[in-house]
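Visitor: Protein chains in written order, with my numbering: chain A, 1 to 264; chain B, 1001 to 1264.
Accuracy of the hints is not assured; some may be wrong.
Which chain B residues face chain A? A few, computed with CB under 10 Å, are given here [what the hints assert, rightly or not]:
(1) Leu1064
(2) Thr1194
(3) Ser1198
(4) Arg1201
(5) Asp1208
(6) Trp1215
(7) Ser1216
(8) Arg1219
(9) Asp1220
(10) Leu1222
(11) Leu1226
(12) His1227
(13) Val1232
(14) Ala1236
(15) Ala1253
These are calculated hints, taken from the structure and not from any lab test. The beta-carbon is built from N, C-alpha and C at its ideal position, and this holds for glycine as well.
2 protein chains.
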Amino acid sequence: MGKSTFIDAFGTQLTGQGHRVAVLAVDPSSSRTGGSILGDKTRMERLAVDPAAFVRPSPSAGTLGGVAKATRESMVVMEAAGYDVILVETVGVGQSETAVANMVDSFLLLSLARTGDQLQGIKKGVLELADVIAVNKADGPHQRDAQAAARELAGALRLMHGKDAFWTPPVLSCSARESTGLDTVWERLEQHRTLLDSTGRLAAKRRDQQVDWTWSMVRDELLGRLHADPAVRALAPGLEQQVRKGELTATLAAERILGAFGEN
Amino acid sequence: MGKSTFIDAFGTQLTGQGHRVAVLAVDPSSSRTGGSILGDKTRMERLAVDPAAFVRPSPSAGTLGGVAKATRESMVVMEAAGYDVILVETVGVGQSETAVANMVDSFLLLSLARTGDQLQGIKKGVLELADVIAVNKADGPHQRDAQAAARELAGALRLMHGKDAFWTPPVLSCSARESTGLDTVWERLEQHRTLLDSTGRLAAKRRDQQVDWTWSMVRDELLGRLHADPAVRALAPGLEQQVRKGELTATLAAERILGAFGEN
């Protein structure tokens, strides 16, 4: 709920400034239940009825590869349709953060007020992807905590990036509920993108993302072919049965599947 | 630091009860810096010098598939060497939680005191993997928060699992620093495993894990062959260059790489 409230307030502020905003999601659904448990993240009340905004519902299921591909393709379509700001959200399950970082110009990490060693709750790998960090819910009784968390995070990032870094991600505090600090979040995102652009890094980044995407498609297609291969499909159920019964080791079964795939 | 303090205290308690404890890790290192920023997680002071314990340092680098394979193989070795408790820790980056869930009998989720909508900070996908949940740092001024967080989590889990579930993960609070509540964590883990065992589900789970492992090995090996393939290696740099220059789309480049791989 925190995140969709943020996107709702942030997107509304951007359409208020004349932007056309599209919201896409990379959210491979849970493989176990497929259901939503801790909140309805599609609750973007204002943005959903804003004529300058388009909110695409998350695909209800799919592999990360498939969902990421659909999102990339939607980005191209939305850009062509005149949306100048495309927000791609991720629930942060599995490798979806990395997938999203590989398709956007700037990565905004949204955090909650945390202090002390609770900083560890933020995954190091995700922190490294962030270009701008916003500590949300800096309102009412949480304002002090949010500001303390922001200071602490800023310190960690300075250590992480060093003095001479091209860009040290700013850590801002904001409140989506009260719509405060959101303008600064956007300014810093724009500043990051302008810096990327003016130094030629944006073009380089996009080129790298295209190469990365090439290999993603190769891997997804190859694994798709494996699972669709007639020889593999004919052989696999029997091999799985033997592995279950303990008549065949996983290693040997894997070799036989690969052998069958290699035959044609 | 929170997690290694927990493992240190928990493992020490188990060796005190006569168990032999091995600690392994599934921690594919950060692809960007490879370094540790927010804490030294190998700090297990007591366990490191405990003759009844073995702590394997995390591999310093590698893909998730490679690290998971090494850990699975170590588990077999440690079991054969007489370690009756094997703790496999994960930093929770990328898909490592799922990889760990696919190799253990019981999955313990360690959380910190959080209340209110901060529950959303715990990934739904991870919550679904948990067999037992422990809210750590229930000490000093955080005790009340930890207990409130535990109650709230327990409520969410009851909703998630329903009344007639085979097993509803208990949510416990504990303090690794003060070594309180750790005995209950172990009791509940044992209870979970005993229930699995007595109902035949442990055997079924292990069989499923073997099948899952089979396919993991197939996928890893296939992708390894792709990247090692002479035709692919000969063609790829030129194609990447063309993609970078915008002379070739990612989709077409992907098709050509797959074509080259299919040739032999």
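Visitor: Each hint needs a verdict: does it hold in this structure or not?
Guide: Verification of the hints:
1. Leu1064: 9 Å, holds
2. Thr1194: 22 Å, violated
3. Ser1198: Violated - the Cβ of Ser1198 (chain B) stays beyond 10 Å from chain A, reaching only about 20 Å at its closest.
4. Arg1201: Cβ of Arg1201 (chain B) sits 14 Å from chain A, so the hint is violated.
5. Asp1208: With a minimum Cβ separation of about 8 Å from chain A (threshold 10 Å), the hint on Asp1208 (chain B) holds.
6. Trp1215: 8 Å, holds
7. Ser1216: This hint holds: Ser1216 (chain B) lies near chain A, its Cβ roughly 8 Å from the closest one there, short of 10 Å.
8. Arg1219: 6 Å, holds
9. Asp1220: For Asp1220 (chain B), the interface hint holds, since the closest Cβ of chain A sits about 9 Å away, which is under 10 Å.
10. Leu1222: 6 Å, holds
11. Leu1226: 6 Å, holds
12. His1227: 9 Å, holds
13. Val1232: This hint holds: Val1232 (chain B) lies near chain A, its Cβ roughly 9 Å from the closest one there, short of 10 Å.
14. Ala1236: 9 Å, holds
15. Ala1253: 5 Å, holds
In terms of the numbered hints stated before, the structure departs from hints 2, 3, 4, listed from lowest to highest.
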